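Chemist: Residue numbers (our numbering), protein chains in the order written: chain A, 1 to 132; chain B, 1 to 132; chain C, 1 to 132; chain D, 1 to 132.
Hint data in this document are derived by calculation from the structure and do not stem from the laboratory. Accuracy of the hints is not assured; some may be wrong.
Identical chains blur together in the list; that is why a pair holds if it fits in one copy or across any two.
What the hints assert, rightly or not - Here are the simulated EDC-like pairs of lysine to aspartate or glutamate, each with C-alpha atoms no more than 20 Å apart in a straight line: (1) K84 / D17; (2) K59 / D25; (3) K131 / D25; (4) K59 / E132; (5) K18 / E122; (6) K59 / E122; (7) K131 / E73; (8) K21 / E103; (9) K80 / D52; (10) K80 / D16; (11) K131 / D17; (12) K18 / E132; (13) K21 / D52; (14) K21 / E121; (15) K21 / E122; (16) K131 / E121; (17) K18 / D124; (18) K84 / E122; (19) K21 / E132.
Computed from a prediction, not measured in an experiment: that's the story for all the values here.
4 protein chains.
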Amino acid sequence: MGKFKKLIIKSDIMDDDKYFKNLTDRERAIFEGGISMGSLFHQFVGTPVNVDTCASLEKAIEESILLQPAIVEVHVSLDKDMIKNASGSAGYTSLDGNMLNIELTTKINENTIVTCISYNEELDYPLMYIKE
Amino acid sequence: MGKFKKLIIKSDIMDDDKYFKNLTDRERAIFEGGISMGSLFHQFVGTPVNVDTCASLEKAIEESILLQPAIVEVHVSLDKDMIKNASGSAGYTSLDGNMLNIELTTKINENTIVTCISYNEELDYPLMYIKE
Amino acid sequence: MGKFKKLIIKSDIMDDDKYFKNLTDRERAIFEGGISMGSLFHQFVGTPVNVDTCASLEKAIEESILLQPAIVEVHVSLDKDMIKNASGSAGYTSLDGNMLNIELTTKINENTIVTCISYNEELDYPLMYIKE
Amino acid sequence: MGKFKKLIIKSDIMDDDKYFKNLTDRERAIFEGGISMGSLFHQFVGTPVNVDTCASLEKAIEESILLQPAIVEVHVSLDKDMIKNASGSAGYTSLDGNMLNIELTTKINENTIVTCISYNEELDYPLMYIKE
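Please model the complete structure; the sequences and the hints are all you need to start from.
Modeler: Take a look at the structure:
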């Protein structure tokens, strides 16, 4: 699992601050976490993948999502067992939402939120949620 | 601009309620609004489009996003002027984020949130925000 | 299953004809069929869908793919049984490549090619092929 | 610009050979080149990118497309000048089709085809074509 951090460039945040006066810092961190999780899901699901290409895909997802507003940290770990099992006669599969294990951290001023996605057995689908 | 509404099926919401105990109803409505806005942006940007196909694409976006958790209303209006201007010798263009004018309403119990995307001239990019 | 046809606008084809002098008309029709089939697969896989929204999604896929070069006819039929079975507690699923039954017709001068995708049981994946 | 090669695993190709008896080796190499070019365009357009993340995105595109049938070589070079110019106040942009410079090689038995995409100034859109 790769790990990337970035410094928040204050001037970026300031530019659009006035558009979020109706949200608390915590609410905006939750909003940005939701946006980025929905974004990466629908951007990358469908990508051809097998166990040998997980590393480059994980890194590309991490670096691209780190660019989005308020994101300060991203961890992506694709489920290698699921990917191996799904790779049949063609030697690869299409990335499926169930294969995603991702944590991304958004920060607005002093408020930090960790947004997650992982396959939930009880619900039988990939659940997006906020970590305690 | 099409308009679709759906009834919230209470049992759906209840199923995953326990995973969101760390959020207020308002926070969860904001979270789901962010997820769905990020989702549709990255699902549909890139779709071949011209002025004659806007109606069917708007309807498909609306109906698909209405399926997502907590969404009770979706309005999609693609910018026909931008699409016309971008459709050059090929007679069509790829859907660009700047062309999106969308409002989606999420509801958790009594809390309703309207999440929007539209092109912001000052920032020169499509801004996602919460409507007052 | 919807059905859309369009007239080829000769001037469009002519514009880029010179870039395809190294291909026969049949080869170019095959090339354009492959491009459009790969395009729609990776554009639309991942879209939230259930049996009630199939019709609008099928129509949007058909109309958008008809815009692409050399396409003269498109038929899209999503597999309602698969979609129903995959729609669990959330009431919908993400469109999967296995759910696609599509035929698209490309025409270059007098040469017509029908490109297909459908789930192949023997290979256990959605096969793209040229119809006899 | 990265560069990856792979050995064709004969048994993979053989599995689905019987489905392509109506195509010559050259025609099938053209078909697979078209599919993969259409696929990567619609899979990756829309990804958040700036000049610092080009390398990881280029590598992920190359490795994922190399998995597809008949592909033996892929070169991806994103247009850094366009990406820099498009990265405004937000510090990044969405990957646009005009930014793609890609060559991919498909091989069926002794027949090799190089499929390309690059921005064409005359047509003012990204042209997909077969290299002499």
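Chemist: Checking an output row: K80 and D16, CA cutoff 20 Å. Within, between, both or neither?
Modeler: neither (39 Å within a copy, 26 Å between copies)
Chemist: If the cutoff is 20 Å on CA atoms, where do K59 and E122 land: within, between, both or neither? Let me know, please.
Modeler: neither (29 Å within a copy, 32 Å between copies)
Chemist: Between copies, within a copy, both or neither: which fits K21 and D52 at Cα up to 20 Å?
Modeler: Neither, since 46 Å and 31 Å both go past 20 Å.
Chemist: Is it within, between, both, or neither for K21 and E103, if the alpha carbons may be no more than 20 Å apart?
Modeler: between (27 Å within a copy, 19 Å between copies)
Chemist: For K59 and E132, with the copy left unspecified, which applies at a CA distance of at most 20 Å: within, between, both, or neither?
Modeler: neither (26 Å within a copy, 35 Å between copies)
Chemist: My question is about K18 and E122: at a cut-off of 20 Å on alpha-carbon distance, are they close within one copy, between copies, both, or neither?
Modeler: between (41 Å within a copy, 12 Å between copies)
Chemist: Within a copy, between copies, both or neither: where do K18 and D124 come within 20 Å Cα-Cα?
Modeler: between (40 Å within a copy, 15 Å between copies)
Chemist: Checking an output row: K131 and E121, CA cutoff 20 Å. Within, between, both or neither?
Modeler: within (17 Å within a copy, 35 Å between copies)
Chemist: Reference check for the pair K21 and E121, CA-CA at most 20 Å: within, between, both, or neither?
Modeler: This pair counts as between: shortest inter-copy Cα distance 19 Å, intra-copy 38 Å.
Chemist: When no copy is named, should K18 and E132 be tagged within, between, both, or neither for a Cα gap of at most 20 Å?
Modeler: between (28 Å within a copy, 13 Å between copies)
Chemist: What label fits K59 with D25 when the C-alpha limit is 20 Å: within, between, both, or neither?
Modeler: neither (29 Å within a copy, 34 Å between copies)
Chemist: At 20 Å max between alpha carbons, let me know whether K131 reaches E73 within a copy, between copies, both or neither.
Modeler: within (14 Å within a copy, 28 Å between copies)
Checked against the numbered hints listed earlier, the structure breaks hints 1, 2, 4, 6, 10, 13; every other hint is satisfied.
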